[in-house]
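Guided by the hints, dock chain B onto chain A, whose structure is given.
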Amino acid sequence: MNSIAVIGDVDTVTGFKLGGVKEGYAVESPEEAETTLRNLIKENFSIIIITEKIGDELREVIEGFTKSSALPMIIEIPDKSGPSERAVDPMRDLIKRVIGVEMVK
Amino acid sequence: MAQEMIEGINPTRMELLKLKEREKLAVKGYSLLKEKRNALIMEFFNILERVKGSRENVEEKLQEAFEDLTAAQVTMGDLAVNKAAMSVKESIEVDIDSRSIMGVVVPVLDTKATQRTVVDRGYGFAETSVKLDEAAKKFEESIALIIELGEIEKTIILLAGEIESTKRRVNALEHIIIPRIENTVKYIEMRLEEMERENFVRLKMIKKSMEME
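Chains as they are written, first to last, in our numbering: chain A, 1 to 105; chain B, 106 to 318.
I should point out that these hints are in silico values taken from the structure, not numbers from a laboratory.
Among the clues, some could well be false.
[Said to hold, decoys possible] Think about it this way: if two alpha-carbon atoms lie no more than 30 Å apart in a straight line, the pair counts; the simulated BS3-like pairs of lysine-lysine are:
1. B:K236 x A:K22
2. B:K194 x A:K22
3. B:K194 x A:K53
4. B:K188 x A:K53
5. B:K141 x B:K129
6. A:K53 x B:K157
7. A:K53 x B:K236
8. A:K80 x B:K139
9. A:K96 x B:K139
10. A:K53 x B:K166
Quick caveat: nothing in here was measured; it's all calculated off a predicted structure.
For reference, chain A alone in the conformation it holds in the complex (with noise of 0.2 Å):
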């Protein structure tokens, strides 16, 4: 427990390295990916930072493990071409859906 994973590309995983966190996983394919998420949430980390990338990729998986627990905590990032532009942000969604009205983040 208490420890922080980072999933990304190389350059992320180097970034968090030298930031002081040791578990970094490069990945290059989504499944990759899909298969250290399961490995590193079955070994009972607490924080585990994935670029947005990966994210989108793994949309319904990450819910599923978010919905649920207050852990593991899966913390999307923006890599290193920044944050993307994406159509719909998870986070705006949520807060109209509960609100019912958009409100400005």
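Just chain B now, kept in the frame of chain A:
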């Protein structure tokens, strides 16, 4: 609206009493759930205040960090950067706790990301450039921000789920279950009154026919 009722209820006094008891319970549950919903939404708005801008902060910080990383890779070469990255010591300690908002367990994180000096990081100086130090520092800062953002987003997701299900239950009680019970109670009362009147008339008739004899 059509007068919806609970199916298969006999119009008896016993059922009437039972139904009235159920109605009382449903109304009580409804007001409690409504309070819960309101409290959750209030909490939700508080959290929304916190999330405002924090994602932008993370994005900005990361952007800078990646720029420095790229610069370091350019000056030192990928391999050297990787080597340096491998030897960096673990920096972040996170205490994970949880608290409960109206029965929703949300995580509370306490990060101890101490500001480290260049020496603490654990890579050598001979082959590394200043940009690498900058990048490392910025990544450290980003990680602290990311963890905070994660905590907030997780809380929002969990709260949102709870609000949705509470809302659904409140609406189900308000619009379906309570009206249905009310209608059934009304139906039974009407049937009982009708039976009473029938009985009354019957008695009158009997009395009349007895008098005739």
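TODO: Would you check the hint for K80 of chain A and K139 of chain B, treating anything up to 30 Å between C-alpha atoms as holding?
DONE: violated (45 Å)
Open item on the list: Can you confirm whether the C-alpha distance between K53 of chain A and K157 of chain B stays at or below 30 Å?
Closed with: holds (23 Å)
Task: Given hint K53 of chain A paired with K188 of chain B - CA-CA distance at most 30 Å - done: holds (26 Å)
Task: Satisfaction of hint between K129 of chain B and K141 of chain B, Cα-Cα up to 30 Å - done: Holds, at roughly 18 Å.
TODO: For the pair we were handed, K96 of chain A and K139 of chain B, check the Cα-Cα distance against 30 Å.
DONE: OK: K96 of chain A and K139 of chain B at ~20 Å, within 30 Å.
TODO: Quickly compare the C-alpha distance for K194 of chain B and K22 of chain A to 30 Å and report which way the hint goes.
DONE: Satisfied, since the Cα-Cα distance of roughly 7 Å is no more than 30 Å.
TODO: Quickly compare the C-alpha distance for K236 of chain B and K22 of chain A to 30 Å and report which way the hint goes.
DONE: Holds, at roughly 20 Å.
Open item on the list: Run the distance test for K53 of chain A versus K166 of chain B: straight-line Cα separation, threshold 30 Å.
Closed with: holds (18 Å)
Open item on the list: Please verify whether K53 of chain A and K236 of chain B have alpha carbons no more than 30 Å apart.
Closed with: holds (26 Å)
TODO: Starting from K194 of chain B, check that the Cα of K53 of chain A is at most 30 Å away, please.
DONE: Status holds; Cα separation ~28 Å.
In summary, the one numbered hint that this structure violates is 8.
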